[in-house]
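2 protein chains.
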Amino acid sequence: MIDLNKSQIQDCFDLQTAARAIENAYIASAEGRVQAPPVTYLGFEDANGDCHVKTGHVQGTEGFVIKVATGFYDNPAKGLPSSNGLNLMFSATTGAPLAILRDEGWLTDMRTGLGGAIASRALGVDGFKGVLIVGTGLQCRFQARCLQALIPERKLSFTICGRDAAKAETACAELQGDGLSANTATDLEAATRAAQVVITTTPAKMPLIQREWVTPGTHITAVGADSPGKQELATDLVAAADLLVCDLAAQSLHHGEFARAEAEGRRADEVIALGHILSGAHPGRADNKQITIADLTGLAVQDAAISLAVLEARNTEHSSN
Amino acid sequence: MIDLNKSQIQDCFDLQTAARAIENAYIASAEGRVQAPPVTYLGFEDANGDCHVKTGHVQGTEGFVIKVATGFYDNPAKGLPSSNGLNLMFSATTGAPLAILRDEGWLTDMRTGLGGAIASRALGVDGFKGVLIVGTGLQCRFQARCLQALIPERKLSFTICGRDAAKAETACAELQGDGLSANTATDLEAATRAAQVVITTTPAKMPLIQREWVTPGTHITAVGADSPGKQELATDLVAAADLLVCDLAAQSLHHGEFARAEAEGRRADEVIALGHILSGAHPGRADNKQITIADLTGLAVQDAAISLAVLEARNTEHSSN
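Those protein sequences? They're chains A and B, same order as listed.
Numbering of the first sequence is given in the working numbering, commencing with residue 1 and proceeding in unit increments.
Numbering of the second sequence is given in the working numbering, commencing with residue 1 and proceeding in unit increments.
It should be emphasised that the hints constitute simulated quantities derived from the structure, not laboratory data.
Positions of the beta carbon are idealized from the N, C-alpha and C atoms, including for glycine.
Careful: at least some of the hints might be erroneous.
The following label-pair restraints were derived from C-beta to C-beta distances [what the hints assert, rightly or not]: (1) A:Ala-166 with B:Ile-2: 40 to 46 Å; (2) A:Glu-62 with B:Arg-154: 50 to 56 Å; (3) A:Pro-228 with B:Val-39: 36 to 42 Å; (4) A:Glu-62 with B:Ser-319: 37 to 43 Å.
Away from chain A, derived, C-beta distances all over 12 Å, residues of chain B [to be verified]: (5) Gln-35; (6) Asp-50; (7) Lys-54; (8) Phe-72; (9) Lys-78; (10) Pro-97; (11) Val-125; (12) Gly-130; (13) Glu-174; (14) Pro-207; (15) Glu-270; (16) Glu-317.
So that you can see chain A by itself, here it is in the shape it has in the complex:
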């Protein structure tokens, strides 16, 4: 059984391998060729903590994943990170344990970054360069780095906007340090109007992005809303969009950005699975005037895919050594 800690995972990680695996997982998910049972939840009220267990398998791949993610929100006071977790891989042909990836949540952050980047690349207008990232946390970094890595032929121009200007400056400086083109903005309306692609990464419970700010041709990727009550996009913006895309309709309509869309007259069957766009089964953006929105809530099969990609990259590295 392979046992890798976070830095070992990072050492052998290959972003392009992982991106391809996650694209395949989205397509398989859209086509029903996956297993993704309901998420298991445990709550620890006394310790202000919780645990989610996700399991997933892409049919035809060699392994399935059991991902454990914990959040214990009093940990920082003890000098510990609030998030932790690991991915366990098992063989889908013998049931034997294959690997424990003690990533402390890093693979989840990375698959979320890659998922957003895959959606932004697929749905942004041809040749887009101007990308606004709303929010200054971990996903600000992951979304920017992953998107630029998936579009190496074109230098993107990132604008970072958050409630805390100092945090935006810090994130911007980090991205510049990685060689990305980045600046900050304090006027969210102006920044939204100027952007071709908007990526929202916040835990907002009130809509941040208003309908009238979004100009024709804009694509929005929303990765922040991951539980009921969170909402980054104005409901009338969702209602007016030309194309609604999601990773899993059941999740987006339950606790994602599209949870309120049905009340505004959108039908659930109008929401297109990202996998159908990636496979070409749906044409995606029709022209450079459409407003498109992708809402990603996260799939267990992304966890399975990225975990297998780690093992694949590790094997390649080993055999080339």
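Since the structure of chain A is already known, use the hints to place chain B on it.
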């Protein structure tokens, strides 16, 4: 993070520590002081395999468990065991991974053995000695060894009965090798009539034990029925019993021995949780004439309890070295 393989787990395993932990888990479960979310299931049709993921926590204990159990039934043809699995422990106060117990299913067999033994000890007539075990597989061994270990002051007399007389002889010889008193029987009716405690451990789909064979004072522990359609005890035997005990009523009534009892006029609220008997909240057996039945389908909190017991025993061993 502690990482123990099967033999390391067996080396530090302390049966009495584990039995106490499991008793506490039964009591906590009966009193509602546990978390045990629905079991997650994955199926792998092409490989003739499946996977169950159970999660559990006994409130107030330091860790929760995520147990993965796989069964791939074509493995023996490849020279591999059909069952595999592991228990993962996480801190209930910080969410950090505590241990991976790569037990290959041994801890599940042991907690099933201990659970049955705890029930048999609690519900058998005072001073019982004659124990019939029906079935000659792994649980035949675990039930006998655990029950004798929990009643060290009294030499029990085990009778092993199974469809395959040669397998019964093998099991019997193994138990004798462990210093237990054991013999075999081929006439199940006579053996049942003679026994004070009957332990059924088979995957039978037709009732094995008939009502008229069971004499007053007999206690029956059924551990075999673990999925819908399995049944070891005649429905009219269950209907006529003086006391019905289970680990979890929802499971026993869904896919255990009591699944058909309601149709025979037994009420679900007549089924007493084993934990209430262990705690003294329910008096258990009233006299030496009652026929009592315990149906055990297995609890995730047993897995949590036995895993913590392994860590406790290991710590004790380490500190005494």
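- Query: Glu-62 of chain A and Ser-319 of chain B, beta-carbon distance inside 37 to 43 Å?
  - Reply: Since Glu-62 of chain A and Ser-319 of chain B have Cβ atoms about 42 Å apart, the given range 37 to 43 Å holds.
- Examine each Cβ of chain A, and state whether all of them lie more than 12 Å from the Cβ of Phe-72 of chain B. With a cut-off of 12 Å, Phe-72 of chain B comes too close to chain A, as the shortest Cβ separation is near 4 Å.
- Could you let me know if the closest chain A CB is still more than 12 Å away from the CB of Pro-207 of chain B? holds, 31 Å
- Reported absence of Lys-54 of chain B from the contact zone with chain A (all CB gaps over 12 Å): violated, 9 Å
- Query: Was Asp-50 of chain B rightly flagged as not at the interface, with every chain A Cβ beyond 12 Å?
  - Reply: Non-interface label on Asp-50 of chain B violated, nearest chain A Cβ at 8 Å vs cutoff 12 Å.
- Item | 12 Å cut-off, C-beta based - Glu-317 of chain B kept clear of every residue in chain A | holds, 23 Å
- Query: Does Lys-78 of chain B sit more than 12 Å from chain A, CB to CB?
  - Reply: It is violated; Lys-78 of chain B is separated from chain A by about 7 Å at its closest Cβ, not greater than 12 Å.
- Distance restraint hint 36 to 42 Å, applied to the beta-carbon atoms of Pro-228 of chain A and Val-39 of chain B: Taking Cβ atoms as reference, Pro-228 of chain A and Val-39 of chain B lie about 24 Å apart, which means the hint is violated.
- Query: Just checking, Pro-97 of chain B versus chain A, shortest CB gap more than 12 Å?
  - Reply: violated, 6 Å
- Query: Is it the case that Gln-35 of chain B keeps its Cβ farther than 12 Å from each residue Cβ in chain A?
  - Reply: violated, 5 Å
- Are all C-beta atoms of chain A more than 12 Å from that of Val-125 of chain B? Label holds. Min Cβ-Cβ 40 Å, cutoff 12 Å.
- Satisfaction of the hinted span 50 to 56 Å by the C-beta atoms belonging to Glu-62 of chain A and Arg-154 of chain B: At 52 Å between Cβs, range holds.
Checked against the numbered hints above, the structure breaks hints 3, 5, 6, 7, 8, 9, 10 and satisfies the rest.
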